[in-house]
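Listed in order, the protein sequences are those of chains H and W. When we follow the numbering used here, the leftmost residue of the first sequence carries the number 1, and every step to the right adds one. When we follow the numbering used here, the leftmost residue of the second sequence carries the number 1001, and every step to the right adds one.
Keep in mind that the hints were calculated from the coordinates and are not lab data. No residue lacks a Cβ here, since even glycine has one placed at the ideal position from N, Cα and C.
Which bits of chain W does chain H cover? Going by a derived footprint, with three or more residues having C-beta under 8 Å, they are:
| id | stretch |
| --- | --- |
| 1 | 1043-1050 |
| 2 | 1054-1067 |
SDA-like cross-link-like pairs, simulated, lysine to any residue; straight-line CA separation at most 25 Å:
| id | chain 1 | residue 1 | chain 2 | residue 2 |
| --- | --- | --- | --- | --- |
| 3 | H | Lys42 | W | Ser1027 |
| 4 | H | Lys42 | W | Glu1075 |
| 5 | H | Lys57 | W | Gly1042 |
| 6 | H | Lys42 | W | Val1113 |
| 7 | H | Lys42 | W | Thr1009 |
| 8 | H | Lys42 | W | Asn1077 |
| 9 | H | Lys104 | W | Pro1061 |
| 10 | H | Lys42 | W | Asp1084 |
| 11 | H | Lys42 | W | Arg1110 |
| 12 | H | Lys104 | W | Glu1082 |
| 13 | H | Lys42 | W | Ile1012 |
| 14 | H | Lys104 | W | Thr1112 |
| 15 | H | Lys42 | W | Leu1088 |
| 16 | H | Lys104 | W | Thr1009 |
| 17 | H | Lys104 | W | Tyr1101 |
| 18 | H | Lys42 | W | Ala1038 |
| 19 | H | Lys42 | W | Leu1011 |
| 20 | H | Lys57 | W | Gly1003 |
| 21 | H | Lys69 | H | Thr22 |
| 22 | H | Lys42 | W | Tyr1101 |
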Amino acid sequence: ILNVEQSPQSLHVQEGDSTNFTCSFPSSNFYALHWYRWETAKSPEALFVMTLNGDEKKKGRISATLNTKEGYSYLYIKGSQPEDSATYLCASGDQAGTALIFGKGTTLSVSS
Amino acid sequence: ETGVTQSPTHLIKTRGQQVTLRCSSQSGHNTVSWYQQALGQGPQFIFQYYREEENGRGNFPPRFSGLQFPNYSSELNVNALELDDSALYLCASSLGRQVSYEQYFGPGTRLTVT
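Chain W extracted, bound-state conformation:
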């Protein structure tokens, strides 16, 4: 297993609510990327944080936001939850922001929106 942890493991929320997912990166890694995996799809890039700043964003609305802390752990916040937000959310940490670096994934948070 990688040194990347995510919490919580599972979460059930109601449409319209807000949720915060957390990710602890592997020691020494300054970059965290977040991905959403919907059923039957490959993981889709949400955004990346490099040294506490957003460094790239995928095709997700502004109600998906994030933070990276000085210890390089990260949060993903989703406001005004919709049914389609039900998915597995993965975070990955790496030594740098380029895709040539190996990315170490956590086990994910399963979010269900009812």
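The following block holds chain H by itself, in its conformation from the complex:
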């Protein structure tokens, strides 16, 4: 059974702060790592899908890195804004490469 762990569980920062979250996953039989941004009452929004060791992806102020050998990914937010407040979920592919195994998420709150 795969376990995907995320830390911290929650985070409160001031507007303009930069922050980062961690996602750890089993490194054996790796297929893909997904990051989602989920605002209350909305659909989870796909941020990144990463498949290769060393992958780095960027979308605006948000970026992510992937280390499949040691089984971790970092999500970075530069210059946090109140609209970045959301729960950030990561998910790794299961042993069959079919299903996503999710962590419990990191809830970010950004104060202006």
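Once you have looked at the hints, place chain W on chain H.
Coordinates of chain W only, in the frame set by chain H:
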């Protein structure tokens, strides 16, 4: 917002009843996956349908069943509802069945079992 829709938005059922949840996939997507999110947990994989056939199943009992139609929309059926089935049910569609494809989620159906 994604092009994935789910109905109904909310639902209240009594223990022992049966429920059907519906999901319309994004145009061009042939794969639908269903997830259950209980309070305080991450979404858990229920099953996946690829071109109208079940393509993988998580650790859920047989009273959780599904269908995928020729237009690739999907249903999740739960029989003999239990209190622990109270959760948010999410569906996600994708271009293919592998996890390397981006998955597009709907907003979910909130099921409460009393």
